[in-house]
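The lines below spell out each chain.
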Amino acid sequence: MSGRLSSSDVEHVAQLARLALTADEVEQLTEQLTVILDHAQDVAALDLEGVPPTAHPLPLTNVLRPDDVRPSLDRDEVLAQAPSTEDHRFRVPRILGEAP
Amino acid sequence: MTAREIAAAVRRGDRSARSVVEEHLAAIEGREPELHAFNLVMRDDALAAADEVDALVARSEDPGPLAGVPVALKDNLCTRGVPTTCSSRILEGWQPPYTATVVDRLREAGGIPIGKTNLDEFAMGSSTENSAFGPTRNPRDPSRVPGGSSGGSAAAVAAGFAPLALGSDTGGSIRQPAALCGAVGLKPTYGRVSRYGLIAFASSLDQIGPFAENVDDAALLLEAIWGHDRFDSTSIDSVPEPLGDSSDVAGVRIGIVEELTDAEGIQPEVKAAVERAAAGLEAAGAKVERVQVPSCAYGLSAYYLIAPAEASSNLARYDGVRYGLRVDGADVAEMNANTRAAGFGPEVKRRIMLGTYALSAGYYDAYYGQAQKVRTLIIRDFERAYESFDVLLSPTSPTTAFELGAKTADPLAMYLSDVCTIPSNLAGHPAITVPFGTGASGLPVGVQVLAPALGEPLMFRVARAIEGAAS
Numbered sequence: 022m023s024g025r026l027s028s029s030d031v032e033h034v035a036q037l038a039r040l041a042l043t044a045d046e047v048e049q050l051t052e053q054l055t056v057i058l059d060h061a062q063d064v065a066a067l068d069l070e071g072v073p074p075t076a077h078p079l080p081l082t083n084v085l086r087p088d089d090v091r092p093s094l095d096r097d098e099v100l101a102q103a104p105s106t107e108d109h110r111f112r113v114p115r116i117l118g119e120a121p
Numbered sequence: 022m023t024a025r026e027i028a029a030a031v032r033r034g035d036r037s038a039r040s041v042v043e044e045h046l047a048a049i050e051g052r053e054p055e056l057h058a059f060n061l062v063m064r065d066d067a068l069a070a071a072d073e074v075d076a077l078v079a080r081s082e083d084p085g086p087l088a089g090v091p092v093a094l095k096d097n098l099c100t101r102g103v104p105t106t107c108s109s110r111i112l113e114g115w116q117p118p119y120t121a122t123v124v125d126r127l128r129e130a131g132g133i134p135i136g137k138t139n140l141d142e143f144a145m146g147s148s149t150e151n152s153a154f155g156p157t158r159n160p161r162d163p164s165r166v167p168g169g170s171s172g173g174s175a176a177a178v179a180a181g182f183a184p185l186a187l188g189s190d191t192g193g194s195i196r197q198p199a200a201l202c203g204a205v206g207l208k209p210t211y212g213r214v215s216r217y218g219l220i221a222f223a224s225s226l227d228q229i230g231p232f233a234e235n236v237d238d239a240a241l242l243l244e245a246i247w248g249h250d251r252f253d254s255t256s257i258d259s260v261p262e263p264l265g266d267s268s269d270v271a272g273v274r275i276g277i278v279e280e281l282t283d284a285e286g287i288q289p290e291v292k293a294a295v296e297r298a299a300a301g302l303e304a305a306g307a308k309v310e311r312v313q314v315p316s317c318a319y320g321l322s323a324y325y326l327i328a329p330a331e332a333s334s335n336l337a338r339y340d341g342v343r344y345g346l347r348v349d350g351a352d353v354a355e356m357n358a359n360t361r362a363a364g365f366g367p368e369v370k371r372r373i374m375l376g377t378y379a380l381s382a383g384y385y386d387a388y389y390g391q392a393q394k395v396r397t398l399i400i401r402d403f404e405r406a407y408e409s410f411d412v413l414l415s416p417t418s419p420t421t422a423f424e425l426g427a428k429t430a431d432p433l434a435m436y437l438s439d440v441c442t443i444p445s446n447l448a449g450h451p452a453i454t455v456p457f458g459t460g461a462s463g464l465p466v467g468v469q470v471l472a473p474a475l476g477e478p479l480m481f482r483v484a485r486a487i488e489g490a491a492s
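So the sequences go chain by chain: A and B.
Take 22 as the starting number for the first sequence in the working numbering and just add one per residue.
Take 22 as the starting number for the second sequence in the working numbering and just add one per residue.
Among these hints, one or two may not hold up.
To be verified - To be clear about the criterion: a stretch of chain A counts as covered by chain B if any three or more of its residues have a C-beta under 8 angstroms from a C-beta of chain B, and this derived list gives those stretches: (1) 70-78; (2) 81-87; (3) 90-98; (4) 102-115.
Stated by the list, open to error - Which bits of chain A does chain B cover? Going by a derived footprint, with three or more residues having C-beta under 8 angstroms, they are: (5) 28-35; (6) 45-56.
Claimed, not checked - Quick list of the computed label-pair ranges, beta carbon to beta carbon: (7) B/D72 / A/T106: 44 to 54 angstroms; (8) B/E290 / A/P73: 37 to 47 angstroms; (9) B/E408 / A/A76: 22 to 32 angstroms.
No lab work stands behind these hints, which were simulated from the structure alone.
Cβ coordinates follow ideal geometry from the N, Cα and C atoms, glycine included.
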């Protein structure tokens, strides 16, 4: 395998996962994930050439339904649970660098 | 009284649903402060639902097979207008705009949701100590954990707070706490019960199932909630075969899974219970032999790659935009990261990190890809075993209930609690745990019956026979 997990690996993964971690958390996770991934080496080390992967226990493909109009969630009820809304929409902080 | 006896008495008009609910609310009042099985007791809603059931009986209408029976709901099942937290700060106070199909169905059958039960945050854990709202304690010994992640549901049934409860089982989260609390609990075949309204953890493994004090009551609840649901595209589109009431095991071929029974870490008292249960089944006419399911040895490692991988994707939705907590930041990405840092507890962060890593460029094939192939091997090994056996037998949990705090500092030790239950989730097969006496410490021990996909009717027959042998 590709060597031991470093704290910079953990910081990179945290960025991918959109998690703001403290320095203590990075240190602790580096240690814990190393132990867990060591345990997973039994799986990583198996020769499974030619074995097809299973993503899902049911052999389902293209579950279709008639295109009927049905009631959906109530917009006001949904928006009432949002942290911030404006004009019947979800309100978020700016995404690009434009002036607010 | 069993759930069946309660429902029969309410349907006949011999007992009011209100008196049943009041009796259970009184039980909750007595011991809930000590046990913390619930995140929310739905006192007023439960009494109102009971009055509706009683009104139906007064009009000579049948409220249904669960008439007046209180049912505790794991707090990852959505209930419209009633807070649903997953025991996480990130969803604290959230009121879903819709109700899970299983909750609708049990209400249509006359059942009474009595509260939302505590769990390991987002169902990630084996002790219910990962709840943001504090742990649940085991009613059999409050210094010990109830198991997890559905520890609140297991404790609610074991403490007599409700004769029935619903949980979810991704790697053993119904069966392991049921075993540790001395209850019956089962994971149905994947797709047999709708997951609509179950907050997702690992979608290819999650399945909702019942807890009960006895096997017949578990069957009663399962038959009320199962069957196809157009709101869940993975729900099986066939009519389930009724579970019946037989306990006849004459001629049934039963295999004791060596890899799960003789493995390192299985307590001697747990192994002894499996062997006593097997002897009881033999005395009832079953043919019992040992069987090897070799890839089960890799189940735990495969699971702790697949489940976190799926979780890292499913939990991406908690971004501070549409519901739940928001912690502000300079831009959207910073707001997302701050919200998730503040809202998720340590175990959830650990699994998101593990899953993100297992799916990341350069590691996908080595970890997630390999784990998916192991899943195929496990399915093939079970297929081979079921050529010679009708059902399989193993421990449910490697140990009886452990003390609070015993495993919180060592995530891997905690993960090992699921070693016997995980293979059924990876294969999508049903499995049930039945209490079988107590171990040396006086704590309950559970024996697990595993069956092939859609094998619930035979699985229940064997479970009843084990229950009979235990008493």
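Three residues or more, CB to CB closer than 8 angstroms: is that satisfied between the stretch 70-78 of chain A and chain B?
holds (count 7)
Closer than 8 angstroms, Cβ to Cβ, for at least three residues: run that test on the stretch 90-98 of chain A against chain B and report holds or violated.
holds (count 3)
Coverage assertion for the stretch 45-56 of chain A with respect to chain B, Cβ distance below 8 angstroms, three residues required:
With 5 residues close enough to chain B, the hint holds.
May I ask you to test the hint 37 to 47 angstroms on the CB atoms belonging to B/E290 and A/P73?
Check passed, 40 angstroms falls within 37 to 47 angstroms.
Beta-carbon spacing of B/D72 to A/T106 - inside the hinted bounds 44 to 54 angstroms or not
36 angstroms, violated
Tell me whether the statement that chain B covers the stretch 28-35 of chain A is true, taking a Cβ distance below 8 angstroms and needing three residues at minimum.
It holds, with 4 qualifying residues against the three required.
Stated coverage of the stretch 102-115 of chain A by chain B [criterion: 3+ residues, CB within 8 angstroms]
holds (count 8)
Taking a Cβ-Cβ distance under 8 angstroms as contact, does the stretch 81-87 of chain A have three or more residues in contact with chain B?
holds (count 3)
In this structure, is the beta-carbon distance linking B/E408 and A/A76 contained in 22 to 32 angstroms?
This hint holds: roughly 25 angstroms between Cβ atoms.
Figure legend: structure checked against the earlier numbered hints; the only hint not met is number 7.
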